[in-house]
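Enquirer: Residue numbers (our numbering), protein chains in the order written: chain B, 1 to 568; chain C, 1 to 256; chain L, 1 to 198.
Nothing false has been slipped in among the hints.
Label-pair restraints from in silico Cβ distances:
id : chain 1 : residue 1 : chain 2 : residue 2 : range
1  : B       : Tyr490    : C       : Gly206    : 26 to 36 Å
2  : B       : Arg361    : C       : Trp68     : 22 to 32 Å
3  : L       : Leu143    : B       : Lys250    : 22 to 32 Å
In short, the hints are calculated from the structure, not lab data. Here a beta-carbon is modelled for each residue, glycine too, at the ideal position from N, C-alpha and C.
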Amino acid sequence: MKTPFWRKYIFSTDHKTIGIQYGFTSLFFLLFGFALMMLMRWQLAFPGQPIPFIGKLLGETRAPDGIMLPEFYNELGAMHGTIMVFLGVVPLGAGCFGNLLVPLQIGAPDMAFPKLNMASYWIYFVGGVVMLASFLLPGGAASSGWTSYPPLADIAPVGQTVWILGMVFLATSSLLGAVNFITTILHLRAKGLTFMRLPIFVWAQLVTAFLLLLAFPPLEAAAVLQLSDRLLQTSFFLPSGLMVSGEPLKASGGGSVLLWQHLFWFLGHPEVYVILLPAIGIVAEIIANNIRKPLWGYRSMVYSTLFIGFMSFIVWAHHMFLTGMGTTISAFFQATTMIISIPSVVILSCLFISLWGGSIRFNTAMLFALAFLPMFGIGGLTGLPLGLAASDIHLHDTYYVIGHFHYVVAPGVLLALFSGIYHWYPKFTGRHMNEFLGKLHFWPTLFLMNAIFFPMLIQGLAGVSRRLYDGGLQYAHAQGVLPLNKLMSYAAWLLALAQILFILNLFVSMFKGRKVASDNPWEATTLEWQTPTPPDHGNFVTLPVVHRGPYEYSLPGAGRDFTPQSEP
Amino acid sequence: MTALKGLLPVVASAHGPEIDRLIFWVHLLMFVLLVGWGLYFVVTLFKFRRRKNPKADYHGVHSHVSTWVEIGVVIVEAVLLIGLSIPFWSRKVIALPEGDVIEVRVNAEQFAWNIHYPGPDGTFGKTDWKFFDKAANPMGIDRNDPAGQDDITTINQLHLPVGKTVLIHLSSRDMIHSFFLPEMRVKQDVIPGLNIPTWFTPTRIGQWEIACAQLCGLGHYRMRGFMTIHPPEAYEAWLAEQAVPAEAATTDDFWN
Amino acid sequence: MEAIPYTVKPREETGLYNGKLGIWLFLASEVMLFGALFSTYVILRLGSLKWPAGSSILNVPIGALNTVVLITSSVTMVFAWLSLKEKNFSGFRRQMGFTILLALLFLLVKWFFEYTPKFQHHLYPGKNTFLAIYFVLTGLHALHVVGGIAVNAYFWGPGSRMWTMEPDRFTNRVEIAGLYWHFVDLVWIFLFPVLYLL
Ligand code: HEA
Ligand code: HEA
Ligand code: CUA
Ligand SMILES: [Cu+2]
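So that you can see chain B by itself, here it is in the shape it has in the complex (with noise of 0.2 Å):
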């Protein structure tokens, strides 16, 4: 029986299609976050000047005459980081990578529920949609931030509630992933495949699906919250005497500005693990793999990463140290965050150390893989003066902040997500991307991600606030370090041009490409490669067993210098 085309490639049932699927929508959303950014970065750089080209397309309520207005440029930065995080890199990471690969490396047929399954890719669609039309409502998108604080968005336009009711599908559609990974992971690991046998990608995805899990649903909560006060007039939010604009605000009061933010950064950081862990499974992969030998401290790494989830719970108030908070709990999220940020020292200590010894190919997938530590690690590391509640007084709500976070996501996680592109192409198209293009791809990004970032920090640390629409242009304390806001913009525009060299890779090479020699084309030892190039429906010829641990290169006395999990 032959499979309809709209079973097969759109409501398809298959985790490797709706994988696919995942890919392309969420590197559509990228791409699409990336413009609104460069738009924002126009308005940064020549703040006041009309947007050659485009500006004029915009129409008069967003860019009369083509010149941003404040308006349209906090609608831009509240999308900005709502796509980027919601509809971009997380769904890549988890919906993508965690649906094409996890089944394959745990050796199981498809998910554990595929219906549930192809549910959460079309509920993520959906919430995606419903937040791109959110720009064409009266008073356009969302425009208080990716973080939504009320009293703002209490009273915002119409695009806020649409941003909430985006945001409740694409909660819906995690939830729905979580409970399909975690059962999936605990439950169809082939015979032999022991926790202690698992890929460190798999356990990010645990771990991430577990995050995603129980994380969520306080926002959901938050929403519900945020939506009642928009519709029913409640006031969860809003407390007695406000008076905006000069006219006192109906509502009946008695509500806490500090609740919302409770609940959103009890999301709000684990979800930025969320982001990372995908990342650091997609690293540990592809390092292990090229290096040639077994990764060093697989243990620690585990323990690292379900240390990270368990402590993300619980140091989500370092956002909110300047709320006026007392002692005590100020003290209590410090020392929570620097303990969260040992994990991570131990986990990229691990993957440093583990290059020791190791008889490295510098192929484009682990270009990319390798500048993701060093880039986490200033991204990381920029974490720690926020986690002080001393030094985050200046830094707060600086571009220091933006810098920080920005090292992490962009030159930390999108390289790495970049190289899992390049690593695991091969297994589902039969084709190589090109490597030449991918090596023109990898040198001018990691460059030009730097130039856009690294002047934030400086910024950051002259004190000039984020979300500001012109750059700082009107503080005398942020005239020293203005010019960088064109620097960071070129640079921006120029990181455009270089991912059009990834674009054209990753299509051209599906017909083009140079064809896999065998089925492990990089004579990898994880089971994911055991499989057919493509793999069909189902996976696995037969189901296989597995005998060792994950990372068996180079073992002494083996006639090769990878062993594969599933041999004897």
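Please arrange chains C and L with the ligands on chain B, whose structure you already have, making use of the hints.
Expert: Using the frame of chain B, we list chains C and L with the ligands on its own:
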């Protein structure tokens, strides 16, 4: 330390150097880790490239240097946390100054800072929004209250004498704002419904800005206030000058 | 192509089949959802100057009646599942029918004897914090009841075709629906005293 000084704004408050010192020590830790691991990284990539080292070593590193590095990081973090950050928080943020301090109220709105001095009698008059008038009485001071008759209000103009501790009571009438004085190393979110104190002692004479650090709407970027630190006599003169026409608040969009 | 393992039979280490593990995980997330809302209740109540006694606004006897209705429906839900275990399909039909009817009764009582009188007295969610949290908590719970009715109705009607082909799998599904239903019941058992009595 000097490299960092060049990057930070000048410091003009008594507690500022303490924050700068913490920022310096953390960055030193970061710098050491960055350079240490960075050098190791470059050397390793070079030394163990495939062409030079065709056969990988299954066992890899045996030494436990990295464990010692990790323990080192833990110790330094603990020292910074317990030795500097937490004590600073309890002494300079939570514990409030007593005795001879200047008290000022700052009420934030979209997109301005309403500043309220108690006047010569040193007590704030009662406030209620029913007395509110955008131009004449932006704080809603009850002018019938004896304590309120001499109160001074300004918009976006904060004047203080050098060398005297000032205690600022922050409140907001609409959105969350954040009261940021970069040169004073003071930043405090202003939360509607809460009254949050913050304090500092200016140590330098000069004119600087009040920045808003929390997204509060479309005018967030231009929610700028002006702070002037006077010599003591000049401050008294300014107060006296303000006390005369108590009706209209000063609204100049610059230091005045 | 191999089938997905443990769809019906439990895996030894966990003692659960896939669906049951899945529903437990889902319920864990539901605990976080309602946990966040209950925390909200506590925080708002502690931060408020005055808080009305629930009984002064809400109708305690009606609430108590609804509590009984929902608990009874949980019991019939168990009987529905047990009937399947005993291969008694018509017994399942009957018990599941009761469950659905009781759930509908719960909603009707809620609407006509709780919400409608409040609206008639102009007690809307926007009136004060107590009413806000009351409507949001009970409304969200009611949505869960609606969801439960939809699922149960499906297994009562079209979904029950599975019984003839894969009885074990069908029994499992009903068990899962039951776990969800007990959870919805449990939430109400928390809600009732917190809102009506405390
Ligand atoms: C994936 C994303 C991610 C990750 C992993 C992290 C990791 C960390 N973050 Fe970050 N953070 C964000 C994303 C992330 N963060 C975002 C998005 C925000 C802003 C949200 C908003 O307000 O909009 C934020 C904001 C933020 C704040 C609030 C700041 C403020 O608003 O004032 C704080 C404060 O404590 C903080 C701390 C930390 C800490 C201590 C870590 C630690 O886990 C880091 C631990 C890692 C290390 C310590 C690295 C160790 C490195 C080495 C050992 C070797 C180095 C070697 C070389 C460089 C060669 N972060
Ligand atoms: C995962 C999260 C993520 C990522 C990846 C990024 C990526 C980038 N961010 Fe973003 N940013 C945020 C999350 C993220 N950001 C958040 C949460 C905020 C705070 C918002 C707020 O204040 O509320 C923020 C805010 C923020 C600001 C501050 C704005 C302000 O405060 O006013 C700036 C300023 O320059 C900025 C810049 C950039 C740039 C230049 C990139 C670049 O690195 C982008 C690079 C992108 C790519 C390289 C695209 C790759 C995609 C492809 C190549 C697609 C291929 C496509 C197909 C095949 C179809 N970001
Ligand atoms: Cu006030 Cu930003
Ligand atoms: Cu955090």
